[in-house]
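Go ahead and model the full structure; you've got the sequences and the hints to work with.
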Amino acid sequence: MVNIGTKMYNLMERLFPICRSITGDGVRKTLNILSEYIPINIIEVPSGTKVFDWDIPDEWNISDAYVENSDGKKVIDFKDNNLHVVGYSEPFNGKINLEELQNHLYSLPDQPDLIPYVTSYYKRHWGFCVSENQRKQLNKGVYYVKIDSTLDSGSLTYADLVIKGRSQKEILFSTYTCHPSLANNELSGPVVAAFLAKYLLEKKNNYYTYRFVFAPETIGAIVYLSTHLEYLKKNVIAGYVLTCIGDSGPFSYLHSRHGDTLVDQVTKHVLNNTEKEYRLYDYLVRGSDERQYCAPGIDLPIGSLMRTKYGEYPEYHTSGDNLDIIDPIELERSLCKLKLCVDVIEKNRIYKTTILGEPMLSKRDLYPTISTKNCTLDVKPMMNILAYCDGKNDLLWVADKIGKPIMKLFPIVEELLNNGLLETIE
Amino acid sequence: MVNIGTKMYNLMERLFPICRSITGDGVRKTLNILSEYIPINIIEVPSGTKVFDWDIPDEWNISDAYVENSDGKKVIDFKDNNLHVVGYSEPFNGKINLEELQNHLYSLPDQPDLIPYVTSYYKRHWGFCVSENQRKQLNKGVYYVKIDSTLDSGSLTYADLVIKGRSQKEILFSTYTCHPSLANNELSGPVVAAFLAKYLLEKKNNYYTYRFVFAPETIGAIVYLSTHLEYLKKNVIAGYVLTCIGDSGPFSYLHSRHGDTLVDQVTKHVLNNTEKEYRLYDYLVRGSDERQYCAPGIDLPIGSLMRTKYGEYPEYHTSGDNLDIIDPIELERSLCKLKLCVDVIEKNRIYKTTILGEPMLSKRDLYPTISTKNCTLDVKPMMNILAYCDGKNDLLWVADKIGKPIMKLFPIVEELLNNGLLETIE
Amino acid sequence: MVNIGTKMYNLMERLFPICRSITGDGVRKTLNILSEYIPINIIEVPSGTKVFDWDIPDEWNISDAYVENSDGKKVIDFKDNNLHVVGYSEPFNGKINLEELQNHLYSLPDQPDLIPYVTSYYKRHWGFCVSENQRKQLNKGVYYVKIDSTLDSGSLTYADLVIKGRSQKEILFSTYTCHPSLANNELSGPVVAAFLAKYLLEKKNNYYTYRFVFAPETIGAIVYLSTHLEYLKKNVIAGYVLTCIGDSGPFSYLHSRHGDTLVDQVTKHVLNNTEKEYRLYDYLVRGSDERQYCAPGIDLPIGSLMRTKYGEYPEYHTSGDNLDIIDPIELERSLCKLKLCVDVIEKNRIYKTTILGEPMLSKRDLYPTISTKNCTLDVKPMMNILAYCDGKNDLLWVADKIGKPIMKLFPIVEELLNNGLLETIE
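Chains A, B and C are the protein sequences, given in the same order.
The numbers in numbering that gives the first Met the number 0 rise by one with no breaks, and the one at position 84 of the first sequence is 83.
The numbers in numbering that gives the first Met the number 0 rise by one with no breaks, and the one at position 140 of the second sequence is 139.
The numbers in numbering that gives the first Met the number 0 rise by one with no breaks, and the one at position 238 of the third sequence is 237.
Hints in this document: simulated from the structure, not taken from any laboratory.
Just to be clear, a hint being listed does not mean it is correct.
[Unchecked claim] Covered by chain B, according to a simulated footprint, are these stretches of chain C (three or more residues, beta-carbon under 8 Å):
id: 1; segment: 33–43
id: 2; segment: 291–305
[Stated by the list, open to error] Below, a sample of chain A positions facing chain C; criterion: calculated Cβ distance under 10 Å:
id: 3; residue: 50
id: 4; residue: 54
id: 5; residue: 225
id: 6; residue: 230
id: 7; residue: 256
id: 8; residue: 279
id: 9; residue: 283
id: 10; residue: 290
id: 11; residue: 292
id: 12; residue: 293
id: 13; residue: 294
id: 14; residue: 295
id: 15; residue: 297
id: 16; residue: 300
Small disclaimer: the values here were computed from a predicted structure and weren't measured.
Every residue, glycine too, gets a C-beta built ideally from N, C-alpha and C.
Here is the structure:
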């Protein structure tokens, strides 16, 4: 049987070659593949639709693009790597000399082997991205440039999935589907999200409702919020933006704007109790869709879970961000961490001891009957749960207070609930 | 004239030989002796009475117990030390061989000279406690075991005393009376409590009402709370569990569950301003009746004042905890510290300056009339009291704010009250 | 054209020789000179008027005072330095020997060259202040003492000025006018206050109303508060006591009693972002009219802005505190710092982003249209303002949150207001 990390990696391999952007058939193909795994709803929003301060742009599709030298040799070819074309490049067809061509080329002098990732969504433009080395080999002369793209009225495509739990209160996961052949940023997010959704679909008896959003970055989150805002504000109690979550770096967490919401507390507690090394980032250095989810007036309690943060690894936004830096084992580690966070949120409730004073534990076989000086039975965590669960603070607070991972408290809480010594405060 | 420390020590000498337990005549004898000092009320609660999650157990009394070897020699004898019998041992009479006897013996390999203190209140059992050295001298063979005890329906005995003050609001002191011949833990608590009560009875014009509880540990506190809970919750503003308060170690304070109540603030302020060395303990390491007084739903603002905390000194719960580790001078030091805490609580009120702007102190002879550069009169504390007593914060807050022991502020407050410059906010 | 620092210094030169006290013609002369600069209202309060806990004392005036030796030589002469006479000295005329004279002499053994400043406002007394060196030269013998003063019913004189802004809410500046020939403490305060008032009068379109109080220390602040308290409590949102603000020491700020009011936040932010070295003082070491403005029941949000704090420089309250320690450049620096604080208070409002989610900045030419990895345009502060201005916290909070001086945010806020992306919450 193939392990889950490998399955995740296989999905990423299927998705990697597709040329995605904020609109277009690449996004549709991507969502169709995801729908083989989880029953997402795919929605189309027409170009020109007003969403908050923005308008849905024209839809962009591209079938071919290249630069040919005077010998008829393709010196830059979209078919080699879809990063070679500036995202949203308008159609172009013509001969130009090298000087003019240079104005349309993008490269990275400091990373001469890598093709950069460049877009121009909201201003008509065309261009090619090349490695600095490739650029240096271009000789003076006339080049034939062909960009076979369309940029016309169409629609923006996104998907969501709602997995109902016993409570209407929701945990939201959002990730983006607008990057072309870039692996960690951003196919790791959609892949991890899809497998987390699959897990939650198969898991029975979820307490919370889970919502997954697959949409282009920025404009997609804005679309989603503009159409679901009141409901989300009423029901979302925690959530994550998932991005850059497939490399082998230590876990990173960027907290929500308010910084001390449930998701912030849970994630810090889980990382602190399970990882030797991890990184916390302030909202000041935000850079993904938490910018929309946490904006003033929207204020959803959402943080970002990552491995190495965007912008912090050298391959970021270049052709170096490919499948080579993704490890199946690390994809699965990321998934497991999210499952654990979900489990903690599910079980982190406010409990209250049902009786006054300490209960008589020995009559329930929960306490030694003979009192000696050197008792070895560790009844302290149970006594502490009973002493601090006062119906006011949640179990996470109790766990931090008594210095134990909340995960270790769950079986004890279960036993106390079964013995009628603890009750859940709704 | 005999000093007070010696009087306290003499009382402890009288109480020490009595075999106490959570019920029985040992407790009654103890309370009768205490009633020679202070007018306590002695209450009997019948076996089987339901108290919160507990039932009052049968009453235990013991007149004799020994183990005799085949030569007719008593090798273990209750009359030598009442710790030799496991507390609440059921009656037994019979011959058994050494192997079987061993299952009923308790000793401390790490402290081979000391007899441990062991009880089995809630499960029928019998046993003997011996020093490890004594145990090693037992030869193979048959032993005659006699435990002349009764364990039948009867009652649990406790006492309280209420000393009325001008206010119905109460300060509660609780200590326990269930330990047999153990000195620091626990005869120091009852003795110090008795002499503090005596002092408060003799002192005139107490502002607060003072309540003293003498009861067996755990079950006694639970009995008391189950019968007085609503009244105590309404009226108790501070309180102490008194335990292990007769040895010569530095003072120790274990704060209430909430950790920042009046008693916590007062005790920390007093210790900080009067002791070079003292110890603060978190509620996490609780272990005496604060477990009941501070339990969720009960939530009384009560901390524990101790010298060396239970479990932290080697003689704890062994025959080494005897009168040798008690010093009359230290008993008196403990009493004095409590008197000081009481005094601070009595006088720590919310005050408010009666006039707007700074008062003209010189016309009341409270300020120098000539203003020179190097004024030597220290009017600063008085000016600070007037500047910070705004009717919102109590004097303790003011004392901490201005960095002075509250005890040094009392005479100044008195003078300001007499001059009509300060009023008390009730 | 004469620079403003020189103009300020020139005013101080005119005021320096006048013999001021808490009442009398010296104060009137001083206020008349100030009224050449700003249109202050001058108010007289009759002797005996009850003000809070105080009574307005009799008015003191002095025309001459000296001590003559038996040779007819004036060995101490008020005409040399008005500090030579103890403030509020009652009239005296008579011959006394040296021993008796010594009881009326004040000097500073540790600063033998300097004449101390001594007063006795509220107890009838007479005396002379001399340098220790001068005192040592007095030979045994009989001296003729003449104090040609009057101490009779009259009035206390103070002035105020209100500069109306669009809002009724006020910023208050208070300084004192009761010191004789002392420069830093206290002519720097009145001179800086006068020039700040002049600046605010000439500046158009003030948002807040500005109030200036020129009155004798302590009794003057008490008079002012007793007659304006309700209005000030309702309207003053911030204010400064100005004292010791003309020397070349680093800026010092003594915070208001509550310690975290607007003026405290603004001043700390401004000093922190503009000065390499500055000093913060707790209200515990207060010593000027903040004692009245911040007293319990009055509670105005007022701090003290100083250069070197009173009592902290060796010339304090001696003849060494003269024009030599005042520098025109430093007077102007103090004025500029106050203008900056005023500017920050004027512009520190609560703002709210007007749209949900991030606005589309590129369509307003506020954001680069092409997204590349190494963007150089610094849009971060603008994005941060939009991300943190949520209508709840003021701009000062935002500035501290994002780690920028608020002064750098003003032009960005202006641009965002102009673009309709930000609104002011009143």
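Okay, the hints, checked on the actual structure:
1. 33–43: violated (count 0)
2. 291–305: Held - the segment 291–305 of chain C has 7 residues with a Cβ nearer than 8 Å to chain B, which meets the minimum of three.
3. 50: holds (8 Å)
4. 54: holds (8 Å)
5. 225: Hint on residue 225 of chain A: holds, closest Cβ of chain C at ~7 Å, below 10 Å.
6. 230: violated (14 Å)
7. 256: holds (7 Å)
8. 279: Cβ of residue 279 of chain A sits 17 Å from chain C, so the hint is violated.
9. 283: holds (6 Å)
10. 290: holds (6 Å)
11. 292: holds (9 Å)
12. 293: Holds, because the Cβ-Cβ distance from residue 293 of chain A to chain C comes to roughly 8 Å (cut-off 10 Å).
13. 294: Interface hint status for residue 294 of chain A: holds (5 Å vs cutoff 10 Å).
14. 295: This interface hint holds because 4 Å falls under the 10 Å limit.
15. 297: Constraint on residue 297 of chain A satisfied, holds at 6 Å.
16. 300: violated (14 Å)
Hints 1, 6, 8 and 16 from the earlier list are contradicted by this structure; the remaining hints agree with it.
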